[in-house]
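Engineer: Sequence:
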Amino acid sequence: MMNIVGRFLYFLMGWRFEPLPSYFSSKHVIIGFPHTSNMDAVRAFTAFRIIRRTGHIIVKKESFFWPMSLFLKALGGIPVNRGASQGVVEQMVEIFNTRNEFLLAIVSEGTRKKVPTIKTGFWHIAKAAKVSIICWYLDNENKTTRWLGEIIPSEDKIEDLIRIRDIYEKAGYRFPLDVTSSSPGNSSGS
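In case it helps, the numbering used here puts the sequence shown at residues 12 to 201.
Please note that the accuracy of each hint is not assured.
Unchecked claim - When the alpha-carbon atoms are kept at most 20 Å apart in a straight line, the in silico EDC-like pairs for lysine to aspartate or glutamate are as follows:
(1) Lys168 / Asp189
(2) Lys141 / Asp171
(3) Lys130 / Glu166
(4) Lys130 / Asp189
(5) Lys141 / Glu101
(6) Lys71 / Glu101
(7) Lys141 / Glu170
(8) Lys181 / Glu166
(9) Lys38 / Glu73
(10) Lys141 / Glu161
(11) Lys154 / Glu180
(12) Lys130 / Asp51
(13) Lys154 / Asp51
(14) Lys130 / Asp171
(15) Lys181 / Asp150
(16) Lys141 / Asp167
(17) Lys138 / Glu161
(18) Lys38 / Glu112
(19) Lys130 / Glu101
(20) Lys138 / Glu101
Simulated from the structure, these hints should not be mistaken for lab results. The structure presented is a predicted model; accordingly, all values stated were derived computationally and were not measured.
Put together the whole structure using the sequences plus the hints.
Structural biologist: Written out as structure tokens, the structure is:
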């Protein structure tokens with residue numbers, strides 16, 4: 012039923028979506044760009060309904076109060092304790108390790124505002140959980156939700172980030188990446 016509702020909403024918005032690529036499986040970190048308005052989130056969650064999958068998002072645990080918690084859980088929200096001794100990466104890895112299916116959707120800009128560089132926590136989560144990163148693009152110009160490619164994290168974060176940037180730039184999106192702030196040992200890019 013939600014699949015039909017999702018397709019109808021996409022039709023009303025004038026949007027199309029690409030079918031799932033062959034590399035899609037039950038566990039991924041999915042990064043999405045751009046995130047410029049709340050409608051991006053609506054399109055993203057609608058697309059997950061169309062493909063009959065549940066995408067999960069990271070939400071600070073303080074946001075899970077009644078009745079907001081009902082809405083956040085319905086959207087696939089995962090409460091995280093950012094102040095816990097076990098960090099967000101470890102909390103997400105634990106979830107990946109205990110579930111048969113888990114799709115973690117992350118907007119690595121971390122905000123709807125224009126940013127000079129992305130946050131790289133998605134890479135750390137995927138690397139530690141031993142899952143691939145799928146590049147997903149909300150192509151506003153063509154009103155199409157697109158799957159751009161898959162990256163399996165290597166030992167070189169900078170090289171992987173450059174590969175991801177190149178995937179998005181090939182699709183026409185200028186990916187905000189400053190490799191100097193994403194270098195090992197520099198926490199400002201994480």
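Engineer: Each hint should be assessed against the structure and marked as holding or not.
Structural biologist: Structure-based check of all given hints:
At roughly 12 Å between alpha-carbon atoms, Lys168 and Asp189 fall within 20 Å of each other, so this suggested pair holds. Restraint check for Lys141 and Asp171: the C-alpha separation of about 14 Å stays at or below 20 Å, so the hint holds. At roughly 18 Å between alpha-carbon atoms, Lys130 and Glu166 fall within 20 Å of each other, so this suggested pair holds. A threshold of 20 Å between alpha carbons decides the hint, and for Lys130 with Asp189 the separation of about 10 Å falls inside it, so the pair holds.
The hinted pair formed by Lys141 and Glu101 meets the criterion: a straight-line CA distance of about 12 Å does not exceed 20 Å. For the hint pairing Lys71 with Glu101, the CA-to-CA distance comes to about 15 Å; that is within 20 Å, so the pair holds. Taking the CA atoms of Lys141 and Glu170, the gap is near 17 Å; set against the 20 Å cutoff, the hint holds. In summary, the hint linking Lys181 to Glu166 is not supported, as the alpha carbons are separated by about 24 Å, beyond the 20 Å threshold.
Taking the CA atoms of Lys38 and Glu73, the gap is about 26 Å. The hint is violated against a cut of 20 Å. Only pairs whose Cα atoms come within 20 Å are accepted, and Lys141 paired with Glu161 is accepted, the gap being roughly 13 Å. Restraint check: the Cα-Cα separation between Lys154 and Glu180 comes to about 17 Å, which is no more than 20 Å; the hinted pair holds. Among the hinted pairs, Lys130 with Asp51 is consistent with the structure: their alpha-carbon atoms are about 18 Å apart, no more than 20 Å.
Of the supplied pair hints, the one linking Lys154 and Asp51 holds, its CA atoms being roughly 11 Å apart against a limit of 20 Å. The straight-line distance between the Cα atoms of Lys130 and Asp171 is roughly 14 Å, inside the 20 Å bound, and the hint therefore holds. A C-alpha spacing of about 12 Å is found between Lys181 and Asp150, which places the hinted pair at or below 20 Å, so the restraint holds. At roughly 14 Å between alpha-carbon atoms, Lys141 and Asp167 fall within 20 Å of each other, so this suggested pair holds.
A threshold of 20 Å between alpha carbons decides the hint, and for Lys138 with Glu161 the separation of about 13 Å falls inside it, so the pair holds. At most 20 Å may separate the alpha-carbon atoms for a hinted pair to count; Lys38 and Glu112 meet this at roughly 5 Å. At most 20 Å may separate the alpha-carbon atoms for a hinted pair to count; Lys130 and Glu101 meet this at roughly 17 Å. Between Lys138 and Glu101 the CA atoms are separated by roughly 11 Å; this keeps the pair inside 20 Å, and the hint holds.
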